[in-house]
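Make a model of the complete structure from these sequences and hints.
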Amino acid sequence: MSKETIKSGKFVSLAYTIQDMDGNVLEQSDLPVSYIHGGETELIGGMDQAVLGNTQGEEVTMTVPPESGFGDYDPDLIITDRIENVPSELRQLGTEVQMQNDAGDVKSFYVTKIEGGMLTVDGNHPLAGKSLQVKVKILEVRDATQEDLMQMGIPGQSQTVN
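Going by my numbering, the first residue of the sequence shown is number 190, and it counts up by one from there.
Keep in mind that a hint or two might mislead.
What the hints assert, rightly or not - Subject to a maximum C-alpha distance of 16 Å in a straight line, what follows is the list of computed EDC-like cross-link-like pairs (lysine to aspartate or glutamate):
| hint | residue 1 | residue 2 |
| --- | --- | --- |
| 1 | 326 | 247 |
| 2 | 319 | 261 |
| 3 | 192 | 332 |
| 4 | 302 | 332 |
| 5 | 324 | 247 |
Just so you know, these hints were derived from the structure itself, not from any lab.
Take a look at the structure:
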């Protein structure tokens, strides 16, 4: 029996490692990541396109530029204020602060600096502005079952997608 090829409607399970351009491991999947190829699941930097046409057991390595990964670094997302204006429970490095803009959108910021009576929060993802090396190992490729479709939250699917 030949191996299934990744294409739209296939159930795909993979493991990945994200490294910086110096080879330092930044993130690694401890458990397999599963999705329906061509569905609504978003994978970093076009990973879904990079694995298209591959089969179980194959490995794919790709370089992800900042704009396709975690975005460009935006200096406008750095906010500094006097520490007395910040609630005491938020005055610790690494603390997550939820902030809301005028449109009602909520974004996570993290306390990155406390110095000279000032506190700085940064709303950039820690990997923003960085090119990344992504290594993917394809663990499984098969037809998606009705159960897969329901678990993945793909509405309106009443039969196996081939």
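- Item | Pairwise hint evaluation, residue 247 against residue 324, where the allowed Cα distance is 16 Å at most | holds, 11 Å
Take a quick look at whether residue 192 and residue 332 sit within 16 Å of each other, Cα to Cα.
holds, 11 Å
Compare the distance between the alpha carbons of residue 319 and residue 261 with 16 Å, and conclude whether the hinted pair is satisfied. Since the Cα atoms of residue 319 and residue 261 sit roughly 8 Å apart, the hinted pair holds (cutoff 16 Å).
Decide if the proposed pair is consistent with the structure: residue 302 and residue 332, CA atoms, cutoff 16 Å inclusive. Given pair residue 302, residue 332 is violated - Cα atoms ~49 Å apart, limit 16 Å.
Check: Between residue 326 and residue 247, does the CA-CA distance stay at or below 16 Å?
Finding: holds, 6 Å
When the structure is compared with the earlier hints, a violation turns up for hint 4 alone.
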